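> Both chains are given apart, each in its own frame, so use the hints to dock them into the complex.
Heads up: the protein sequence lines correspond to chains A and B, in order. Counted from 1, the first sequence has number 51 at position 51 by the numbering used here; the numbering is strictly sequential. Counted from 1, the second sequence has number 402 at position 402 by the numbering used here; the numbering is strictly sequential.
Certain hints may be false.
Stated by the list, open to error - DMTMM-like mimics (lysine to aspartate or glutamate), calculated; alpha carbons at most 20 Å apart, straight line:
1) A:Lys117 to B:Asp283
2) B:Lys225 to B:Asp237
3) A:Lys117 to B:Asp237
4) B:Lys239 to B:Glu366
5) B:Lys275 to A:Asp16
Stated by the list, open to error - Simulated coverage check for chain A against chain B, where a stretch passes if three residues somewhere in it have a Cβ under 8 Å from a Cβ of chain B:
6) 25-35
7) 43-50
8) 121-131
What the hints contain is simulated information worked out from the structure, not anything from laboratory work. Computed from a predicted structure; not experimentally measured. Glycine included, every Cβ here is placed at the ideal spot set by N, Cα and C.
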Amino acid sequence: MSDNIIRLHYDIDADDFSSAGLASSGTKRMLNQLGFNPAIVKKVAISMYEAEINAVIHADGGCADVEITPEKIVVVISDKGPGIPDIEQAMQAGWSTATNEIREQGFGAGMGLPNMKRYTDDMKIETELGVGTKVTLIINVN
Amino acid sequence: MKGYSHSIRLEADKCRGCTNCIKTCPTEAIRVRGGKAKIIDNRCIDCGECIRVCPHQAKKANTDEFETIFNYKYKIALPAPSLYAQFSKIYTRGQILAALKLLGFDYVYEVARAAELITAETKEYLKRKDIIRPVISSACPVVVRLIRLKYPSLIPNISQIESPMEAAAEIARNEFAAKTGARPEEIGIFFISPCAAKHTAAKMPIGNLKSNVDGVIAIKSIYVKLLKLLSDSEEADFKVMASKYGVRWANSGGESLALETDNFIAVDGIHNVAKILEEIEDDKINDVDFIEALACNGGCLGGPLCMENVYSAKAIFKKVLEKDISQSALPYTDERFNPMHDAEIEYVDAYSLDKDMYAAINKMAEMNRIVAELPGLDCGACGAPNCRALAEDIIRGEASESDCIIKLKEEYKKLKKKIGAEKGNEK
Ligand SMILES: Nc1ncnc2c1ncn2[C@@H]1O[C@H](COP(=O)(O)OP(=O)(O)OP(=O)(O)O)[C@@H](O)[C@H]1O
Ligand code: SF4
Ligand SMILES: [Mg+2]
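So here's chain B without its partners, still in its complex pose (with noise of 0.2 Å):
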């Protein structure tokens, strides 16, 4: 899928053009232009910011529908573990899962199950010499994207490690197909997603060459039909493979807690990640070994196509684990499994003014006095999200002074004073 590079687009017939998205995103990747919302495609990072603000439901999350899974002949559901806690009469995980099978899959296999295979080799990984401390967790596509884009000089420090998403593929599609003797693309592999993010994982992995993964659907959609069945489906109808370790890296500090370091920060919501980003790059933050860093508030439990509010999702879940029979985790390991990436992450230039740096400078200077020329208020007004936004909008050619309501006043002002003053001398 060469080209696509997000997956939140906007609904415009939707969209007032208000100023909620553009002030919220932390990468500055919307412009309200014409009376609509626009999304700059490189910039954005999937973190879901503009859909949890939009109060008109205008922005929206591409992500397969259910029955894409009947274009293949076999079908591997990928839970991931914030499903287990959508539920507010509370199910087990046994009962869940048994439901997931029963909407149509012929295999389902935990993402948290796979958590803990990343969990053990991250372990090894953190004992090497060779590495850049400190290591910041691959898990959550969204940070990984946010590195590539504005802070390129950590994409070292991130894990080489598989996210548990595409270790939970490749090993449920070798599992199966060793088991059933099915063709590897007879095999349909589908992530049960609490975000827009992995949506586009799947279809531009970074990090990996390719996905194993064939299509991801979102919690919420189908989250009536699970609801239907789950009345009918009993613990006993299937046997759970995760232990609360792999199970707990939906909720922030998951990921760390399974590590049994202490040596840790884990720190959850685009905003707060991209602050200890930022102390990382100036050396700030030292001696600590590992960063488990996740976009959304509250860790995945509170992704952007849950259903269940943060809150309320952990309260379910720490009733869910309280429930649960799983004993702890196993050692995990399995040969045939690679879990290193296999690509190198690059950097996004989105930002630069030019690439010539005597240009760039030029440029830059001449933003800067356009930015003491405006008011700034930050208003948002113009359709960008802040002065500097605009003056940087106005040097790429893409915007004007005039888009600002106050100078435009202003000019407004004088040309009153000007007519008023010609008038006078007529008479």
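One chain only, chain A, in its complex shape (with noise of 0.2 Å):
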């Protein structure tokens, strides 16, 4: 058991809307309560929250694994939605396919995937289309 390390899994359920983000705060609960900087904190919630997001607006839902050590956080979203045809222009900043009812909402302003950058240190995006999509996101403590 004393091997340093939190392993959490999370469905992520596309059904209900106003339920999307409970991965990423009870992610962020348990990082404040271990005692995390601040600011780490915040890196990860916000990155993983637009993982998240993106699972049940592009994908219908997935699930989250994240792996907590002194040293760095990772998190997987997975999903088995239709993957994303090109990760260069899905990253750029304002690039979206989301439907008007989406923006209508609030989503949709193609910053989730250049956020999720911007707040990692590391990232990756392994996608195959009609199969699904799974993103890495990974903050370093130091």
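Structure (structure tokens):
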């Protein structure tokens, strides 16, 4: 048990939009209680929230796996959605395929992926059309 | 008053050990142990939720007795503006303040007047380029304490301007001393309060090295005395100082209205405040300059030491304001008064599992394992507010898994089965 690591698993439900963000807020709460620097917690909370919302909006939900160690925090958000055809394009600030209904809810500015990049130390997107997408976010503690 | 951390206390003989208060506490500061509620000192922020919810009136607030004013040669009252909304037969502000003076005070200074000064200072403060936005009002001590405890990353957002209570106390002392030649230490300054948190704020100020308030008296506790004097007091007996801009601070949204900006969020009720703070922390609230956050539902009119319930108080307040003859807000500055906080606000660590990160991670991993084993009903029967909190208490060595009655029942069933099987073998 004493291997200095915490592993968390969350299902990301797409049915209830108001519950979107539960995985990131649960993780944030734990990081706070562990005594991580607020700046680190903020980086994790914001980048994870964006990835979680993307899974809900663009991929009908998925799951989140988090690994917390004193050195770094690794967040993996996976879904079985449509995949991203052009990652480079998707990464551009302002690029979005969100529908009007989604935009009316205040999402779809095309800022999620760029923000994830900004708030993480390392980020990886693995995606396959028709199969799904896996976004890995790494935040170093020091 | 070192060591004093909160004003809410338990009257143990009234407490039945039910779970109402543990479930409503926003900081998970209460446990039921040995059949009685117990407050975890460094987590209590004096919001008063437990006072409101306790069906047996076992939660009380420490405040100062009215009679303590007689310990001072000169006595000054600082009525919170919520006082004006406590009398269902409508009295004007002038009448209420005149009655307050008749109680035995030498001087009455409206906190609403100081609120106008704070408004003027805050307007200037919001123009500064070097502040972190959104600025969160420092007026409600419960909110400041919630931030210090659970949202430390927002400490720099807290306005560095004094609360109206502190401003009023300092100005009133100076004015009275200048007018009468009284020595400052002969003067006792008493805040007439809607909440217990102001009592703690006067004893253990946050953002200030020392408070100018000598005592905090609950509105409730002088209500009857005031009522008796009110019929004899006349509007003309007291010249009001504040305008509606200061008076409206008692109501949620009042502070923001006075600021005359559109770029604000006014939130009231401790659980709502927590949500907004969470959103600010996650950068979900942008382009807002000012957050007015009041712990009580409806603002100070909903304070736990008020006489009227918040809805009636709001109705009365409206009528009092309609009757008000005061002029519109005067531009208000006071040269002698320094409106800025003079002490840093520091983070209070009341939740971490271990100072050492490696140890903390191991403890949390263990805690998560325990949580997974617990039934997840969050019923509170164990004395902790939810299963997670029980797991935390177990990790801290303050509770055990058998405190969970569902777990206990399982164990009991297993034991019964085992005994049954052994008996069977004997035959
Ligand atoms: N998990 C995913 N599955 C499929 N497509 C995705 C996924 N995540 C992102 N995309 C695609 O990439 C685009 C850009 O994503 P990004 O998060 O940057 O913006 P957005 O979600 O459209 O808007 P915002 O995040 O500002 O609300 C999306 O519009 C979508 O087409
Ligand atoms: S809202 Fe007003 S009455 Fe309630 S705790 Fe804050 S300052 Fe006190
Ligand atoms: Mg997005």
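> All hints are to be evaluated individually against the structure, with a verdict given for each.
Cross-check of the supplied hints:
Distance restraint check for Lys117 of chain A and Asp283 of chain B: the Cα-Cα separation of roughly 16 Å lies within the 20 Å cut-off, and the hinted pair is therefore satisfied. Note on Lys225 of chain B and Asp237 of chain B: the hinted pairing holds, with a Cα-Cα distance of about 18 Å set against a maximum of 20 Å. The straight-line distance between the Cα atoms of Lys117 of chain A and Asp237 of chain B is roughly 67 Å, outside the 20 Å bound, and the hint therefore fails. Distance restraint check for Lys239 of chain B and Glu366 of chain B: the Cα-Cα separation of roughly 65 Å exceeds the 20 Å cut-off, and the hinted pair is therefore not satisfied.
Taking the CA atoms of Lys275 of chain B and Asp16 of chain A, the gap is near 19 Å; set against the 20 Å cutoff, the hint holds. Coverage of the stretch 25-35 of chain A by chain B holds. Counting CB-CB distances below 8 Å, 7 residues qualify, and the rule asks for three or more. For a cut-off of 8 Å, the count of residues in the stretch 43-50 of chain A with a CB near a CB of chain B stands at 3, and the three-residue condition holds. For the stretch 121-131 of chain A, the assignment as covered by chain B is violated, since 0 residues bring a beta-carbon within under 8 Å of that chain's beta-carbons and 3 are needed.
Hint violations for this structure: numbers 3, 4 and 8, all remaining hints satisfied.
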